[in-house]
Amino acid sequence: MIIINTETIKGLAKDGKRMDLRGMLEYRSPISIDLDISFTAEGSAKVTMGDTVVIAGVKLSIEKTYGDTPDEGGITVNAELLPLSSSEYESGPPGIKAVELARVIDRGIRESKAIDLKKLCVKPGEKAWFITVDIISINDAGNLFDAAGLAALAALRTARFPVVDEKGVIDYKHKTDVKIPIVKEPLPVTVYKVNGQLMVDLTVAEEKAAESRLTVGCDAHGVISALQKGGTTPLSAVEIGHILDIAIEKSSFLRGVLDKFVKA
Amino acid sequence: MSEVFVAERDVVIPGEKLADGMDFLPGENTYRDNSGIYSRVLGIVGLSGRVLKITPLAGPYVPRIGDRIIAKVFDITMSGWRVDTNTAYSALLNVRDATTRFIKKEEDLTQIIAIGEYVVVNITNVTSQNLIDVSMRGPDLCKVEGGRIMSINSMKVPRVIGKAGSMIQLLKEKTGCDITVGQNGLIWVRGTAEGEYKAERAIKFIEAKSHLDGLTERVQALLN
Amino acid sequence: MAYTQRLDGRKIDELRPMDAKAGVIPNAVGSAYFKIGNTLAYAAVYGPREIFPRFLANPKKGILRCHYGMMPFSGAGERVRPGGSRRSQEISMVIAAALEPVVDLSAFPNAVVDVYIDLPQTDAGTRCAAICAASIALADAGIPMRDMVSAVAMGQVDGTIVADLNYGEESYPAVVSDIPIAMIANTKEITLLQMDGEITKKDLMAALEMAKVATQKIYELQKKALKERFIRE
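Protein chains in written order, with the working numbering: chain A, 1 to 264; chain B, 1001 to 1224; chain C, 2001 to 2233.
Keep in mind the hints are simulated off the structure, nothing from the lab. Incorrect hints may have been included.
Unchecked claim - In the PhoX-like style, the derived pairs of lysine-lysine whose C-alpha atoms are separated by at most 25 Å in a straight line are:
hint, chain 1, residue 1, chain 2, residue 2
1, C, K2061, A, K175
2, B, K1204, B, K1163
3, C, K2188, A, K173
4, A, K14, B, K1017
5, C, K2188, B, K1017
6, C, K2227, B, K1053
7, A, K175, A, K127
8, C, K2021, C, K2202
9, C, K2021, C, K2227
10, C, K2202, C, K2224
11, A, K17, B, K1053
12, B, K1209, B, K1174
13, B, K1017, C, K2201
14, C, K2227, B, K1209
15, C, K2061, A, K173
16, A, K208, B, K1053
17, A, K17, B, K1174
18, B, K1143, A, K208
19, C, K2011, B, K1017
20, C, K2202, B, K1017
21, A, K17, A, K229
22, A, K10, B, K1017
23, A, K10, B, K1163
24, C, K2201, B, K1053
25, C, K2011, C, K2188
26, C, K2227, B, K1204
27, C, K2217, C, K2227
28, C, K2021, B, K1204
29, A, K208, A, K10
With the sequences and hints as input, model every part of the structure.
Following this line, the structure appears as structure tokens:
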């Protein structure tokens, strides 16, 4: 049973307070990243943020290049909200929440050109490397967006290309020490509005009390590379200004966590 | 020759052999197979005379008549409210069991209790198929207003209450909160934000550490 | 040439290194992970809860439903598309059948207990690891159970019976039989038995005998994982 405490959360938010006495702009602690949690993936990581646990795994394959980008590889992000991770999720094809999560992380990485796709090309017009990042929830205790973004980047950082034999067949059992050509590392920060107040790193009960949210992908230089507004209440331009300031600051905090656990 | 393999307060797992021989008797949550007595649940051993019983450390709540529970309204019907009891079985709260006030036929029931709100109710009937009736008429039964709801495993409810209510009394005194414990594991805590958080942490501690000796002293230390 | 030296140097009845922990998924009412060699399974229990669709309900007792899934990056080769396959459907069914004999849901008519098992990495023996993890998770959830179930992938590689087949042995270039077996801890009754390959009756009986010893070792670890949650301080 998912517990709802909406009225209390809203009432506290008005006074700048939270149920667990955290600051409005304070992440749960500690945040930790475990690496190489799947030896079958080319790169993998598990992020623990409070009670939230998310896994990301990277698989690499050689595919035919696309007609409009003959000298580029590609990257796709997929997300699954496992019924294992919450009583709210059901078996079956990904629901809209999983689709949105995948799309937002995808936008942060792919559309921001975080990966040098040209370097993935094996033979122009014929073959290139394609990257798939799978994001899997293990325990959804809120703020999957930020945890998933962190896990995806950690997995990409640790990924190593597998060996390819002379016939061009991938030997997934053996890895080279070649890394994925990451050119920038946007991390998503989701800022929610709860009873008019801005808040980060929400628990599930807090998410249910929120009116709207904005996920902001920011790289190390504070350049914004992805945005996604959620919720049915509008945000003013002034509020968006505040949210961007928070997101830029918090993405540098999360980048500190990433750097602490994963070598660039 | 009868032999017992466990001691009082040992933690045992399902299928663990507790004793052998006819001098011992299988009590609650145990079963006999040939001469052996085995546990049928994860729990703590209790040995009283020749009877072995197991107090479960976890497990689903089974609704019983007379239990006070906290439930969440998820639907409204012609005659009342359907509530989620935190079990596989929802319950019916009839209009006449919700209030002493006269309710007009066309009255909007959401004005009395809305979907998503919690109620403190008594179980008045349970059928063999676990169809449940609840009532909000009686002392300390009401709609939940203010404070916070939290949930623990229902098997830990007796530990949160303590012997003759000693633990709950301690929690109330040290946190300044009113605390209503539902037998189904839902708990309503109301006080200041700080007090509520303190109470929530202490209750979670009791849930996690209920197997330890001197629990009251440990909770006292945590709350000081 | 007979298979006398195992690929990873193990003795014929030796299991790969194992690890198990209960209570790893806070949202679930019971949970566990179980690792044997490089095969890792997470299991989470939800329920007893209302069953959907309703026509599946049994008015006499609750239903045990298992859901087995490999994460897309968990296979030995290319990425596996997520979502159900015939393979995962069948494995889910045999896992439920392996656990059902020990689980008592008579107090929960019309309800369901869902067990979700997902694997982030695999190296053979996945259904057995899944059963081991699920059994711990069910006990952790406080579901009434007559006993624990432990499972191991037995095998015969080029004439030699071995315990806990790994992927290298599964694909060994000779006749290989893969025999996943689940047993009830006290009685050593068999609740899962499958095989592909070819084997004589005599050898299969020998494999069952070896499985008794192997599952006993696994059982000891399952027990330890459950008791570790309640250590006296």
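Hint by hint, here is what the structure shows:
{"no.": "1", "hint": "K2061(C) / K175(A)", "result": "violated, 51 Å"}
{"no.": "2", "hint": "K1204(B) / K1163(B)", "result": "holds, 18 Å"}
{"no.": "3", "hint": "K2188(C) / K173(A)", "result": "violated, 37 Å"}
{"no.": "4", "hint": "K14(A) / K1017(B)", "result": "violated, 56 Å"}
{"no.": "5", "hint": "K2188(C) / K1017(B)", "result": "holds, 14 Å"}
{"no.": "6", "hint": "K2227(C) / K1053(B)", "result": "holds, 18 Å"}
{"no.": "7", "hint": "K175(A) / K127(A)", "result": "holds, 19 Å"}
{"no.": "8", "hint": "K2021(C) / K2202(C)", "result": "violated, 37 Å"}
{"no.": "9", "hint": "K2021(C) / K2227(C)", "result": "holds, 10 Å"}
{"no.": "10", "hint": "K2202(C) / K2224(C)", "result": "violated, 34 Å"}
{"no.": "11", "hint": "K17(A) / K1053(B)", "result": "violated, 46 Å"}
{"no.": "12", "hint": "K1209(B) / K1174(B)", "result": "holds, 19 Å"}
{"no.": "13", "hint": "K1017(B) / K2201(C)", "result": "violated, 33 Å"}
{"no.": "14", "hint": "K2227(C) / K1209(B)", "result": "holds, 13 Å"}
{"no.": "15", "hint": "K2061(C) / K173(A)", "result": "violated, 47 Å"}
{"no.": "16", "hint": "K208(A) / K1053(B)", "result": "violated, 42 Å"}
{"no.": "17", "hint": "K17(A) / K1174(B)", "result": "holds, 21 Å"}
{"no.": "18", "hint": "K1143(B) / K208(A)", "result": "holds, 21 Å"}
{"no.": "19", "hint": "K2011(C) / K1017(B)", "result": "violated, 31 Å"}
{"no.": "20", "hint": "K2202(C) / K1017(B)", "result": "violated, 32 Å"}
{"no.": "21", "hint": "K17(A) / K229(A)", "result": "holds, 24 Å"}
{"no.": "22", "hint": "K10(A) / K1017(B)", "result": "violated, 52 Å"}
{"no.": "23", "hint": "K10(A) / K1163(B)", "result": "violated, 36 Å"}
{"no.": "24", "hint": "K2201(C) / K1053(B)", "result": "violated, 43 Å"}
{"no.": "25", "hint": "K2011(C) / K2188(C)", "result": "holds, 23 Å"}
{"no.": "26", "hint": "K2227(C) / K1204(B)", "result": "holds, 19 Å"}
{"no.": "27", "hint": "K2217(C) / K2227(C)", "result": "holds, 16 Å"}
{"no.": "28", "hint": "K2021(C) / K1204(B)", "result": "holds, 20 Å"}
{"no.": "29", "hint": "K208(A) / K10(A)", "result": "holds, 10 Å"}
Of the numbered hints given earlier, the model fails hints 1, 3, 4, 8, 10, 11, 13, 15, 16, 19, 20, 22, 23, 24; all others are met.
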